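Under this note's numbering, read the sequence shown as residues 1 to 155, first letter to last.
Hints were generated in silico from the structure; no laboratory data involved. Every value quoted in this text rests on a predicted model; they were computed, and no experiment measured them. Virtual Cβ for every residue (Gly too), placed ideally from N, Cα, C. There may be inaccurate statements among the hints.
[To be verified] Straight-line Cα separation of at most 27 Å, DSSO-like style, residue types lysine-lysine; simulated pairs:
(1) LYS80 <-> LYS69
(2) LYS141 <-> LYS69
(3) LYS80 <-> LYS141
[As the list claims (entries may be wrong)] Simulated DEER-style distance windows between Cβ atoms:
(4) TRP18 <-> CYS99: 27 to 35 Å
(5) THR10 <-> PHE77: 15 to 23 Å
(6) VAL106 <-> SER131: 38 to 46 Å
(7) MET129 <-> CYS99: 50 to 58 Å
(8) LYS69 <-> VAL15: 17 to 25 Å
(9) GLN116 <-> ILE85: 41 to 49 Å
(10) ILE96 <-> LYS69: 23 to 31 Å
(11) ASP113 <-> LYS69: 45 to 53 Å
(12) ALA91 <-> LEU133: 31 to 39 Å
(13) PHE134 <-> LEU110: 36 to 44 Å
(14) PHE93 <-> GLY127: 54 to 62 Å
(15) TYR68 <-> SER126: 37 to 45 Å
(16) THR10 <-> LYS114: 46 to 54 Å
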Amino acid sequence: MLTLTSSALTRAESVAIWLGIAGNILLFAGKIVIGFWFRSIAIISDSLNSFTDIIASLIVLVSIRASYKEADSQHPFGHKGAQPIAGLIVAIFTGIVGCEVITQAVNRLLTGDKMQPGLLPIFLVSGVMVSKLFMHLYVRKVARRACSTALMASA
């Protein structure tokens, strides 16, 4: 297995995180516009998922930077614990947003509000699936090489 230096892993992790942030910003913007335009609760909730991915990536970025800090008097074993904590925060945050999406979906069912049909949402969702797959595979590869639990949670 290829072993990289700490600085190389940090660079690879940084590239993976910023790729996720940039990609999810673009996906969020596209999905929120199309979701409201076509009144699709599914696409709007998927845009919220992209928003949580942006927040999660920022949390992971902070935790990875913290985890590379040297041991000090308050943390004699180092700061590696920052990554599992970040993974937990990401999971909790995603769960909260998921509950809000369920609430909105149930409300939509009870009120009978319908979305407008169109091909654009289908093309958008197809493009999102492909781009999310490539982002996931890349971030997962970097997370495995770096043994990064926070980055794996983000993937």
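We went through each hint and held it up to the structure:
Between the alpha carbons of LYS80 and LYS69 the distance comes to roughly 8 Å, so the proposed pair stays at or under 27 Å and holds. A C-alpha spacing of about 23 Å is found between LYS141 and LYS69, which places the hinted pair at or below 27 Å, so the restraint holds. With a C-alpha separation of about 20 Å, the suggested pairing of LYS80 with LYS141 holds against the 27 Å cut-off. As the Cβ distance of TRP18 to CYS99 is approximately 29 Å, the hint placing it in 27 to 35 Å holds.
Remark: the range hint 15 to 23 Å for THR10 to PHE77 is upheld by a beta-carbon distance near 20 Å. Distance hint check: the CB atoms of VAL106 and SER131 are about 29 Å apart, inconsistent with the given range 38 to 46 Å. Between MET129 and CYS99 the C-beta distance comes to about 24 Å, which lies outside the given range of 50 to 58 Å. For the pair LYS69 and VAL15, the supplied restraint of 17 to 25 Å holds, since their beta-carbon distance comes to about 20 Å.
The beta-carbon spacing between GLN116 and ILE85, approximately 43 Å, falls within the hinted interval of 41 to 49 Å. Under the hint 23 to 31 Å, the C-beta atoms of ILE96 and LYS69, about 29 Å apart, fit the expected range. For ASP113 paired with LYS69, a C-beta distance near 50 Å keeps the hint of 45 to 53 Å intact. Between ALA91 and LEU133 the beta carbon distance is about 21 Å. The supplied range of 31 to 39 Å is therefore violated.
Hint check: PHE134 to LEU110, Cβ distance near 38 Å, so the stated range 36 to 44 Å holds. Between PHE93 and GLY127 the beta carbon distance is about 25 Å. The supplied range of 54 to 62 Å is therefore violated. Checked against the hint of 37 to 45 Å, the pair TYR68 and SER126 passes, with Cβ atoms roughly 38 Å apart. One distance hint, 46 to 54 Å for the beta-carbon pair THR10 and LYS114, holds here, with the actual separation near 49 Å.
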